Amino acid sequence: MIAPDERRSLKPPPKPWRARVRGVWEPLVSISAIIVLWQLAISLLGAPGFLLPTPLGVLERMQKDAGLLLFHSASTTFVTLGAFGVSVVFGLAAAVAISQSRTVERFVLPLMVFSQVVPKIAVAPILIIALGFSAKAHIIVAFLVCFFPILISTVIGIKSVDAELIDLTRQLRAGRLQTLGMVVLPHALPHIFSGLKVAITLAIVGAIVAEWVGSDRGLGYLLLVANGNFDITLVFAVLVVLTLLGVVLFLLLDLAERLLLPWHVSRRIGLQQPMQ
Amino acid sequence: MENTRTSRRRVLAGTAAMAAVGAFHRSVLAQGRTKLVLRLNAPAYGEHAPFAVGLKKGFFAEQGIDLELREGQGSGNTIRVVASKADPVGYADVATAMKAIATGVPLRVVGVFQQKAPQAIVYFKERGWTSPKDLVGRSIALTAGDSIHQMMPAFFRKNGLDPNSVRLVFMEAAAKSAALIAGKVDSMGGFYTVQAAQIEAGAGKPTAWFGFGDHGVTLIAQGIVVHPDILKESPDLVRRFLRAAVRSWQYAEQNPRESVEALLEQFPASAFLAVKNQGFTQWNLHRDLTHTERSKGKIPGWVAMEDVDATLDLLSEFGGLKPRGKAADYVTNEFLPL
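Just so you know, the protein sequences line up as chains A and B, in that order.
Position one of the first sequence corresponds to residue 407 (the numbering used here), numbered consecutively onward.
Position one of the second sequence corresponds to residue 207 (the numbering used here), numbered consecutively onward.
For the record, the hints were derived by calculation from the structure and aren't laboratory data.
Possibly wrong hints are sitting among the right ones.
Stated by the list, open to error - Computed list of lysine to aspartate or glutamate pairs in DMTMM-like fashion (alpha-carbon distance at most 20 Å, straight line): (1) LYS241(B) - ASP293(B); (2) LYS241(B) - ASP368(B); (3) LYS291(B) - GLU439(B); (4) LYS528(B) - GLU466(A); (5) LYS482(B) - ASP368(B); (6) LYS528(B) - ASP637(A); (7) LYS241(B) - GLU277(B); (8) LYS528(B) - ASP471(A); (9) LYS364(B) - GLU332(B).
Values in this document were obtained by computation on a predicted structure and should not be read as measured data.
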């Protein structure tokens, strides 16, 4: 038995501020380097203004049109999250079904693979005309683009649970559902999260593709309008906002992973940093 | 013909081309003739018949030009391609070109071969609509960012329509006709010269339209665009090209069937020409758009600066074009054979 005061000393020591900041300043340095190179490319190489706006110009435009950008971001974010949500539910359910039954795997998995091989940009117009031009149709298109990584990573995650662990649960007379919920899925979480991270970025792409085919709002729609007006500054402003959206969503997933999987190998390495 | 599913990839291609190509390169001389690429505004359709027949009859060869016609993916794309010198000459919507020039894109319009815009709101005749006011409470299929979309504010204002009273449904260019035929929308914004007949053929019912030109939105339409550098470096080449182009248009106006046949020979796979006689219908309608009242009697390609001004006025008031500048900043007749 560990005494209460001993248990306190088992917690890792608090990270010095330098270590805490370390995770933040490297990406900032990379981004600043890109911005500087961008500005240099314009000033020194004389890249034409109609193909490449200045970083300052883009930032000013983002500030000036903040309301417009926020309005359209909200629409794209809604579709992205909707598609992601549907993908998680469908992906997990389908993965469980596939892992539990050889028959299901043999019939269903090839169909899933075929659905990925067909380029969505070819299929999207047919879908959107059939389903209408609403957010629901966009969510379905984006879902088709992003569910696959979740499905595959979950299947692999489930299949890579230690066989001995399954044996043990069977010996303890756990039912199928108990095995699944208490042992298999928690152990598959690291794989599932890798699939989720890929899927969230694809969900944004899917939302944009859907908007290009048929929409009256969203960042994809705004890109078309800006392009039609030769407004390259707005095009870049939208691209920056899209990038930020992707990064924020990805980081949120990363945070969720950190909270749910503090025990996993990939997180353990992070904890060792203060020693360096 | 606006087909805007284009420019994104082309912006990247244009950047790469710019970095690699640099100065404008006079292409390889073939048998003493200069090779020249004309980038069209869209996949081949009836309006391009003059260039096809001119090529076939040797009008361009006579001028020492080995012309190659390349299909385009929308005027916006053609404009970017010419401005980044990936292709030397383009055929594109002049209103779109003017908007580009105002934002600093290096371009000049040296001949305007279509001076009345074919943009229209197309619907099925059975609706029995008589004026744009009948659009209230109805839906129009539009493509975000294309020329019809950009001029909708002007169309609404000139016809006393409240923009909020009409439902605008945005979709990809190819989807608009399909949506109208499927009954998903009440009307669509397109070229009456192309889509009207296509939709009729697809649905088996006659179409009607509200032409922009007949309802207060008078814009000049397609013309030849070039990079300003070629005007300095090879003005004679531009003059010879335009001489051949003018002769081609005159010949095509007189010999429509032969011209369309030449077009079909060169572009047998074009979607716009797939249905029999579509090309002929398209060219017949486009033929009538070559001149305005002010340019009647002049050679094809010559445009009255007052008409350019009228378009500039519309674009600066409704199309967000600024700074307005002068007509001469955008269009010039000086390279035409006068």
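So, going through the hints one by one against the coordinates:
1. LYS241(B) - ASP293(B): With Cα atoms ~11 Å apart, LYS241(B) and ASP293(B) stay inside 20 Å; holds.
2. LYS241(B) - ASP368(B): It is violated: about 51 Å lies between the C-alpha atoms, which goes past 20 Å.
3. LYS291(B) - GLU439(B): It holds: about 13 Å lies between the C-alpha atoms, which stays within 20 Å.
4. LYS528(B) - GLU466(A): Holds, at roughly 18 Å.
5. LYS482(B) - ASP368(B): violated (40 Å)
6. LYS528(B) - ASP637(A): holds (12 Å)
7. LYS241(B) - GLU277(B): holds (17 Å)
8. LYS528(B) - ASP471(A): Holds: LYS528(B) and ASP471(A) sit about 18 Å apart, inside 20 Å.
9. LYS364(B) - GLU332(B): violated (25 Å)
When each numbered hint is compared with the structure, violations occur for hints 2, 5, 9.
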